[in-house]
Amino acid sequence: MNQIFARPKSLKDVPFRYCPGCHHGIIHRLVAEAIDFFDIREKTIGVAPVGCAVFAHEYFNIDMIEVAHGRPPAAVTGMKRARPENIIFSYQGDGDLASIGMAETIHAANRGENVSFIFVNNAIYGMTGGQMAPTTLAGQVTKTTPKGRDTRTDGFPLRVCELLATLDGTTYIERVAVNNPVNIKKARHAIRRAFQMQIETLGFSLVEVLSACPTNWKMTPLEANQWIEDIMTKTFPLGVYKERSE
Amino acid sequence: MEEKKIFISGSGGQGVLLFGKILATASMLDGKNVTWIPSYGAEMRGGIVDCAVTVSREDIGSPLVKEPNILIAMNNLALEKYCHKVVAGGLVLANRSLTDSLPHFFRRDVEILSLPAVEMAKAASGHTKLANMVMLGVLCYKTKVVSREKIEESIYSLVAHHDKEFISLNLNALHTGIEYIKRQLYQDTTNNKHIEGHTYQGRNMSREKVVDDHTA
Numbered sequence: 002m003n004q005i006f007a008r009p010k011s012l013k014d015v016p017f018r019y020c021p022g023c024h025h026g027i028i029h030r031l032v033a034e035a036i037d038f039f040d041i042r043e044k045t046i047g048v049a050p051v052g053c054a055v056f057a058h059e060y061f062n063i064d065m066i067e068v069a070h071g072r073p074p075a076a077v078t079g080m081k082r083a084r085p086e087n088i089i090f091s092y093q094g095d096g097d098l099a100s101i102g103m104a105e106t107i108h109a110a111n112r113g114e115n116v117s118f119i120f121v122n123n124a125i126y127g128m129t130g131g132q133m134a135p136t137t138l139a140g141q142v143t144k145t146t147p148k149g150r151d152t153r154t155d156g157f158p159l160r161v162c163e164l165l166a167t168l169d170g171t172t173y174i175e176r177v178a179v180n181n182p183v184n185i186k187k188a189r190h191a192i193r194r195a196f197q198m199q200i201e202t203l204g205f206s207l208v209e210v211l212s213a214c215p216t217n218w219k220m221t222p223l224e225a226n227q228w229i230e231d232i233m234t235k236t237f238p239l240g241v242y243k244e245r246s247e
Numbered sequence: 079m080e081e082k083k084i085f086i087s088g089s090g091g092q093g094v095l096l097f098g099k100i101l102a103t104a105s106m107l108d109g110k111n112v113t114w115i116p117s118y119g120a121e122m123r124g125g126i127v128d129c130a131v132t133v134s135r136e137d138i139g140s141p142l143v144k145e146p147n148i149l150i151a152m153n154n155l156a157l158e159k160y161c162h163k164v165v166a167g168g169l170v171l172a173n174r175s176l177t178d179s180l181p182h183f184f185r186r187d188v189e190i191l192s193l194p195a196v197e198m199a200k201a202a203s204g205h206t207k208l209a210n211m212v213m214l215g216v217l218c219y220k221t222k223v224v225s226r227e228k229i230e231e232s233i234y235s236l237v238a239h240h241d242k243e244f245i246s247l248n249l250n251a252l253h254t255g256i257e258y259i260k261r262q263l264y265q266d267t268t269n270n271k272h273i274e275g276h277t278y279q280g281r282n283m284s285r286e287k288v289v290d291d292h293t294a
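First to last, the protein sequences are chains A and B. In terms of the numbering used here, the first sequence is residues 2 to 247. In terms of the numbering used here, the second sequence is residues 79 to 294.
Do not rely on the hints blindly, as some may be mistaken.
Just the calculated beta-carbon pair ranges, DEER-fashion [stated by the list, open to error]:
id	chain 1	residue 1	chain 2	residue 2	range
1	A	GLU163	B	ILE138	51 to 57 Å
2	A	VAL15	B	ILE138	48 to 54 Å
3	B	MET106	A	GLY240	54 to 60 Å
4	A	PHE157	B	MET79	56 to 62 Å
Restricting the straight-line Cα-Cα distance to at most 25 Å, the calculated cross-link-like pairs of lysine to any residue (SDA-like) are [stated by the list, open to error]:
id	chain 1	residue 1	chain 2	residue 2
5	A	LYS243	B	LYS159
6	B	LYS159	A	LYS144
7	A	LYS13	B	GLY124
If you want the ones that stay clear, here's a sample from chain A, every Cβ over 10 Å from chain B, calculated [to be verified]:
id	residue
8	ASP14
9	ARG18
10	ILE27
11	VAL55
Hints in this document: simulated from the structure, not taken from any laboratory. All C-beta atoms in this analysis are idealised placements derived from N, C-alpha and C, irrespective of residue type, glycine included.
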């Protein structure tokens, strides 16, 4: 009998501890599948974030390191420059990549480092209890915006894909979601493409994945998936923002 | 009253921290010195949650409790992880609803009380999450660390006022725990249990005794 489905080799046989309805589980799987697809597990190094995925190294069956909040872009730069033959990727949330680490992100992208960034955008600070993040939508209720984000005092949601696409140093930028099977399929291809870019030494790639946080959004997992579909994609449209072939 | 070092452990959502806060607040209202120190993981839901409460008439040197004299283990992991840290002669309250190991085999030199707190909470209040209050009732009546009145007072001040219904449910669960341990202690005295050659009368319980509550 043919086996048509299995756990990726790049994921350990341990249960995830993420909340019900969290999309980290799906995204971990897609990243692991991409690593398996290119058969690069033995030479891939990942950088785990600070946030709910802080224990990503307990789930991914590859070499991983943990760095200070926001600093994965610096760490991947150092590792890739020292070991260009390794495949290096970072896995960050919106606080990590777009708030405390915004400078690191912009400059690694601007330098066009030949690395892959997986950016998990749930429009909120998850692990710390649901505070406003740079990516929080206008009007969205969070712990620090109980009346909804007021753009006059709290600024506007930060669109990372659009921002980085303007930098000449970037090669491939796409925004995807994993809230339904159609989107998961597209996300699978995008994440795979990000690793492919690095393997072919084509430069800097980033895949932004819109992700649910039912716990802090105060929704059920199904409501959260619907909210991504109906509301979140209006502020963060899915699609390819940049794709250079050389 | 010697310094009581109480350690409560369970998983996120079992009300471990609230248990400690109610105990600490009640002891404070009782004029004692108290410390309360939590420890919990990064997970937004679940995970391991510990809470150490120290109650004393004297000044308390440190809020950290490395060797508790009382352990409340709300689940199996807590029991297995911390049972060996309890000082000899101490007390362990285990939530039998969620422990699959037989706790009596862990230690012979501490008293281990194992009760089905989750089922008791469900029967008393309709909510399994009030198992912590059942355990608190047992703790307070058994060890006399603080009176029922002071516990009730602190439940009134700590349980959310917009959830007034929950205040009475918490009290129900608390009283269920108290009634349970009252029955247990009464049963032990009337049965005149023979354990290791000792006959028990009244409330004088030897430190070597293991309380078996399969009758519960």
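Cross-check of the supplied hints:
no., hint, verdict
1, GLU163(A) <-> ILE138(B): 51 to 57 Å, "holds (56 Å)"
2, VAL15(A) <-> ILE138(B): 48 to 54 Å, "violated (39 Å)"
3, MET106(B) <-> GLY240(A): 54 to 60 Å, "holds (58 Å)"
4, PHE157(A) <-> MET79(B): 56 to 62 Å, "holds (59 Å)"
5, LYS243(A) <-> LYS159(B), "violated (52 Å)"
6, LYS159(B) <-> LYS144(A), "violated (34 Å)"
7, LYS13(A) <-> GLY124(B), "holds (20 Å)"
8, ASP14, "holds (19 Å)"
9, ARG18, "violated (6 Å)"
10, ILE27, "holds (17 Å)"
11, VAL55, "violated (6 Å)"
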